[in-house]
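Engineer: Sequence:
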Amino acid sequence: MKKIITQIFLLTFGSVMFAAGIYFFRMPNNFVVGGASGLAIIFSKIFPYITKGQFVTIINVICVIVGLIFLGKSFSWKTVYCSIVYSVVVMILEQKVKINVPFTDETFTELILSVILCGVGAGIVINAGGSTGGIEIFALIVKKKTHYTVGNALMLFNLIVAISAAWLFGLKTCFMSIIGVLAHSIIVDKVIQWLNSEKLMLIVAENEKDICDFINNELEGCATVMSSVGSYSNNKNRFIMVALEPKKASILKKNIRKIEQDAFVVSMDTFETLGGRM
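Read in order, the letters of the sequence shown are residues 1 to 278 in this note's numbering.
In short, the hints are calculated from the structure, not lab data. Check each hint, because a few of them may be wrong.
[Claimed, not checked] Below are the DSBU-like pairs computed for lysine-lysine, each with C-alpha atoms no more than 30 Å apart in a straight line:
{"id": "1", "residue 1": "K209", "residue 2": "K258"}
{"id": "2", "residue 1": "K258", "residue 2": "K199"}
{"id": "3", "residue 1": "K258", "residue 2": "K247"}
{"id": "4", "residue 1": "K254", "residue 2": "K236"}
Build out the structure end to end from the sequences listed, making use of the hints.
Structural biologist: Printed below as a string of structure tokens:
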């Protein structure tokens, strides 16, 4: 239950952040940075009697239905949930906080703010196992039917949508949109990496048993132990390798000095670990 509640919180928080970036910065500046929002901006220009928020909802509903048809059981409830939250938040903001023009004349600054808010929000959602829906659903279908990855398919769709902004909003907005597409992909990847980061610790010590006991019992971790020889002292030591969450790694570093004052410790960031206790 705790895990489910945490997931729902992260999915909601990420979707709200994504919707805020869309409504406050992308829509007023007509940044067509792909996705349902990009299509909504284009369609609302062609059909001005339908609002951008309404188009976002329509596009997300269509994409969810298509996803359910083509992806079946593999289609996650988290994507449906995030699509609903994202659409509802945009619709509420459109009704309660009316914004028709950009906040400032600094277009590039607003592009950066939109990329940060949307990229961080999307990264949180994806890391929690969901997606913000829209064109991402078509990218999942393309992955299933072809040899393209989700990332490649999504990038291709988003670039096509961004380029289409040229004939409606001019070359400046088109170029800004293309920059936004590329920057958004980078931010999403970095956020996912950061959320999944761990500390890889390499420890050389004589008293490895107490250190490993602390890792196993106090930190609920698991270490690999190997024999080693110091090139300077020629002393035989034990080499301990362990990957831990940043908070646990900090606790371990403080306690290593209490266990063995002269232990040699190297700590570095790692973004992908596989496997469990051995």
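Engineer: Each hint should be assessed against the structure and marked as holding or not.
Structural biologist: Against the structure, the hints come out as follows:
| no. | hint | in the structure |
| --- | --- | --- |
| 1 | K209 to K258 | holds (14 Å) |
| 2 | K258 to K199 | holds (20 Å) |
| 3 | K258 to K247 | holds (18 Å) |
| 4 | K254 to K236 | holds (24 Å) |
Of the hints listed earlier, there is not a single one the structure fails to meet.
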